[in-house]
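*Asks:* Residue strings, one per chain:
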Amino acid sequence: MSKNLSALSGRKGLENNLFERIGKLADTSGTPSQDDMRALSEEFLIGEANIYATVSFYDFLKKENTGIKAYVCNGSACMTAGTQDKVRQHLKEHFLENQIGEMSCLGRCHEGSAFHRDGKNYSGNNAHQQDHYHVENFGTQLLTGTALTIDDCIRQWKECINVSPDILLHEIVSSGLRGRGGAGFPIGIKLESCKNEISESKYIVCNADEGDPGAYSDRYLLEKQPFSVLMGMMIAGYIIGAHDGVLYIRAEYPESIQIIRQLANELMQAIQSEMASHDFSFRFSIIQARGAYICGEETALLNSIEGQRPEVRVRPPYPVQNGLFNKPTVVNNVETLASLPWIIQNTGKSFAAIGISKSSGTKLISLDSHFNKPGIYEVDMGTPLSYVIDVMGAGFKTQIKAMQIGGPLGGIVPIHKVPELNVDFESFASHGFLLGHASIVCIPENFSMIKYLEHLFKFTAHESCGKCFPCRLGSLRGYEMIKRAVDNQKLMDRNLFDDLVETMELGSLCALGGGLPLPVKNILQYFNTELSAHFTQ
Amino acid sequence: MNQIAYIDNKPFQLNQGETILQFLRRQCGDSYVPTLCDAPNLEVYGACRVCTVDVALSENGAMKSVASCHTPVMPGMFIFPHTDRIQRLRKNIIELVLTDHPKDCLTCEANHNCELQEVAALTGIREIRYEEGKNHLHVEKDTSHPYMRSDLSKCINCSRCVRACDEVQGQFVLSMAGRGFDAHITKGMNSNFSDSACVSCGACVQACPTSAISDVFQSKFTKGATVTRTICTYCGVGCNLNVAMQNGKIKSITAPYDAEVNNGHTCLKGRYAFSFYNHPDRITSPLMKKNGKFEPVSWDEAYQYIASKLKGIISQVGSDAIAGISSARCTNEENYLMQKLMRVVIGTNNIDSCARVCHSPTALGMQQTFGTGAATNSIRDLAFTSCIMVIGANPTDAHPVTGAKIKQQAMKGKKLIVIDPRRTELAKYAHYHLQLRPGTNVALLNMMLYFILHEKAEDHNFISMRTEGFEDFRTHVLSQNIDELEKITGVNKNLVREAALVYAQSDAAMSFHGLGVTEHTQGSYTVMLIADLAMLTGNIGKRGAGVNPLRGQNNVQGAADMGCQPHQGAGYLDITDPDIIKLYESFYGCELPQNIGLKIPQMYQATLDGKLKAMWIMGEDVAQTDPNTQLVKEALSKLDLLVVQELFITETAKLAHVILPGASFFEKSGTFTNGERRIQRVQKVIDPIRGTKPDGQIITEMMNQLGYPQPIFDNEKILDQEIAQIVPFFAGVTWNSLGINGKQWPVLKDGSDTEMLHAESFKRGRGKFVHASFQESNELIEYAEEYPYIITTNRELEHYNSGAMTRRTANKEILPEDLLLIHPDDAINNNIQNGDMVCVISARGKVDIRARISTDVKPGVLSSTFHFPEIMLNNITSNECDTQALCPEYKVVACRIKKSKIS
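Residue numbers (this note's numbering), protein chains in the order written: chain A, 92 to 628; chain B, 88 to 990.
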């Protein structure tokens, strides 16, 4: 993170956004030309090295990937579904081997098979198949009901803007809403801290790049409940005094980007006169991500918007103090922001009454293709996990030995632990797991745990930003070690492996390197027998 | 309120806002907790994680591991820096690092000076248990550059170099590219040092904890070297340098982190351009011209010859037929002795220094308005200012460390106003670039003053409490015709208005000016208007404000302080004032001349008129650097005696009768005073090159030869027993008490020094508003029609003034010649391509310079340097001078151009 680069990028702001400019330069040939990069560096008064370095970071900008025409989803759900070798074979009929790349994940976990081509996602089962999944709720219908319309937004905006930000903030604080991105931090506190910062400009950022393989709830909200997300940002913006809302959306969700771009525009036009009459302006900027999982980490995301390398920043300072372009910024996940309109409509107290004490409200759960009824399910916090699996998802299609819940850094829940768990932050944490995004990826009985371990390390090594030593080095060395065990039956030194896991857990800068050890340790604990053959004693 | 945190259960007081690492270092010593990505002059980064410690929020509370470098220490925190798991963590991180690092410590440049080696040793690591995997061990070395080197197989990805390039120099040459394990350092777009935009400041070299980035001097290799701290001689910033000496030779130079002036940074001149000191061209014996050729002679022969010639001139023509030019590159002590030689021993006030040709208008202008001709504030004030105005200065080239500091502030959003005919590096980052026609500073400043008054943005309180002459000034300024001034300057009046109001309405605004202000016929008036601007807006006597001249040479301030001026003696005392004369005469125990002496341009004229017979020039190459070369050469050639003290046979030395071989700053001790009045200790690194002597010693010996008995030259005694006794603002200065960071004058008797001048009242009582109207330079009035272009002179980063030193280093490989900046339109009109030689002709003569086509200058304006005698740009510069201080007008020269016949 460079304060200078943040400030220099900030000089041009969001209207002439550096990252969007870089992205556009890559649109035709896949990567910006040297001349274009040089011109851009001169325009933004930064180094050629900075542009080059940013470009080299992203899967969909870097020169090495320019020839790739089709991408196979290699997310966890598609992997355990065992479908993707076939998809690749199919694609080979149309493309050369080196024209086929990988993307993670396209959010088609309900199908367990997907690929991407020319800016569109397709089902791996059948390219003409509609993108369809079940959406149901159990308990309060907060995020899965009839979608808000522009008129709803105008109505609510009129209500909001006639009361003071403090009153709205109070509702949100009293709702007890906690961030749905994984960390579970109360949004009220974030908004309040940012509101208290004195600054000419502030920002609301919607983190729509939490690319946890297995989770497609954000995609659902962006595409099916877009006005809840946009309205949530406007409410948050009004509370903290931000006039800019930035949606940073995964490139792997091209449809989401398209829908949000269009609707944000429509909303802005519809609400313009309301804004003018109240002397409060708000505008949306939509930034297309370019393929880097780490951008789901909020500080990496801020660097990314600025056109810097999306490396993780140290905290403090927190984004609420020093965020986008060095200005106070609230970054929240899609689901969190999408909950705000309901809270304002129905009071914070009603929201707090849903769920259990420290985990209020509802939670969206993504079920993968191993369920009989894959889809997005909304449940009140505290709902037994077994209900979600057995009733809502209608059980498994095949024999499942474990589930990874909450993304690639979520815990590995062996099937026998299911009855002990409820869908809330505390229940998962107290059993040594993580609610995270509450996505459920099933690991079938015949899928070897050493392969799953290899997948986890490979994913982390591929997505590590490379800043902190434990993650940059540890994820690769771990992957190499496991790969040797898988490919060559080379035994792993258990002490060394334990040291590595501990080093990443204690030492990593962010939740990527620091989070990987959770599923790894779950696997070591619950699948010790299966794995013991791979370790020296 | 006492706030306590615990280290291993022992209570310690914490400071508000410090990190755990700072707390631990303060309480337990710098190396208590190992670090790799941390560096003293860089922002916290949090990459290496070896500084991790265990922390509990209550006694026996749950422990959490946190990186100490970016975690704030909290009251009641229990910190355990060395638990078993923390020690294991550090060892395991190092083990991972070593899986991708060569095991060649014994043959590595950084052996015994490697932070990785140090931390590895601390962890007690004995083996690397990982099997060989992917690595970067075979990355090619970069040897493309005259100074910079990289061997990125040794890189540990701490990003210190990247951050130094960004946070210290602000150049953005380095970055990390790729991601994850593939993350690697890139220079430019995967280029090399030579082809990148690297300015060779070496900040990355100094920042590197291993030897992944180093230099040709192997500056990481310090085993067996003696390190001496001294002061750089390449500009008025006054960077502290740590010079490593091995076997009697200078090995390498780094910048001390605890230097208040440069905080661990310096530029390519300070860090790398030192090899001139033992260049084969060094003069190693006194030389006398016999039959038109220089012949080595003994010191005695040279001294006797000079003494007899001088005595002869004194008895036949008088003392005033002799003049001296002192050197702003020499120490205070040497400058003091030089003026003493002229005044006390020879008996003339004909003593001047190169301050004449650079900042004499500053001294005069600021003395008249404020009472003191020196920077009012300090560079440290940059941290406190909210608006920076840079006028007629290009500090990123000429004062690189200060330039970098200004750039850092501007990048982070502080308002920057640049007033310059060229689009300088800082102008690119400026919020307002007022790109005026050369020579119109007075017009532009009048516009600013006008708008501030017109919009009533002046500081009434300050004006009424602290100043005089306001009403006259106000009337004069408001009577200006703004539209006409707009036409004269060529700068849009609305832009000027905005900039003026930003300056006026900032909490604190500070100005910096350079030779683009002073080297004009209206130089002194420009300085006065800058002073007016500061007084008008209350920007004097407070933090982050002031008027701050950027001194060109390392000791311009000191040369003037020491009395190397024809009208003021040591301490700026008026040599025509009877009380002062009495004071000096009693101090020196002899009668002193009472008439104001000759200024440098007057010396040449006096010589041509036959009135001046002898000149003594110490360390100045006037034949190359003073304007109108042919006239200067003609004058010098006419002298009966020209004595030159020099390192090399410069253009001036070629014309001498006697050359006395002086010693470079590496070979002597003394003090320099930088642009913020900071008197700093210059300390001898090596003995003088055989056959040479420190200039102070030469002058002392000469004084003895001339019959004025002096003890053996001892810089400490000169400072303590002479300068501190006669220069009022040096009253409390002693060599020993200057310490490592020097003191800013005035230094009171009790030793306390002064960061900011005019805090309560001006030196002259009330600050005086002086008004002035724009006056076109005679040069243009006389020649603009025949010579329609204006060439303005400046400096390049790589070279220093005449280039006598820098041209004898590898800087010459980086920039081998003077270049002519020319706008593309002018190039097209004259059929000139980039790299073509251009013949530039003025009323004095012509020169051929290679074109660099650039939009950094406006059409009609050209720009070049006079670093190279092969070009001799001063052949075309004029004899116009500042009307008040006689500083030559290097900045406005009427010329015409044509494509040269030379290729």
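Accuracy of the hints is not assured; some may be wrong.
[Stated by the list, open to error] Derived DEER-like restraints, expressed as beta-carbon distance ranges:
| hint | chain 1 | residue 1 | chain 2 | residue 2 | range |
| --- | --- | --- | --- | --- | --- |
| 1 | A | Ala-485 | B | Gly-220 | 26 to 34 Å |
| 2 | B | Asp-95 | A | Asp-584 | 28 to 36 Å |
| 3 | B | Thr-230 | A | Asp-118 | 55 to 63 Å |
| 4 | B | Gln-592 | A | Ala-361 | 34 to 42 Å |
| 5 | B | Gln-90 | A | Ser-368 | 35 to 43 Å |
| 6 | A | Asp-584 | B | Thr-230 | 34 to 42 Å |
| 7 | A | Arg-208 | B | Phe-471 | 35 to 43 Å |
[Said to hold, decoys possible] Heads up, simulated PhoX-like pairs for lysine-lysine below, C-alpha to C-alpha not over 25 Å straight-line:
| hint | chain 1 | residue 1 | chain 2 | residue 2 |
| --- | --- | --- | --- | --- |
| 8 | B | Lys-499 | A | Lys-549 |
| 9 | A | Lys-153 | B | Lys-221 |
| 10 | A | Lys-103 | B | Lys-502 |
| 11 | B | Lys-336 | A | Lys-542 |
| 12 | A | Lys-492 | A | Lys-315 |
| 13 | A | Lys-581 | B | Lys-221 |
| 14 | A | Lys-612 | B | Lys-178 |
| 15 | B | Lys-178 | A | Lys-286 |
| 16 | B | Lys-515 | A | Lys-103 |
| 17 | A | Lys-94 | B | Lys-499 |
| 18 | B | Lys-499 | B | Lys-629 |
No wet-lab data here; the hints were simulated from the structure.
We treat Cβ as the ideally placed atom computed from N, Cα and C, and that holds for glycine.
*Asks:* Flag every earlier hint the structure violates by its number, smallest first.
*Replies:* The structure breaks hints 1, 3, 5, 7, 8, 11, 12 and 15; every other hint is satisfied.
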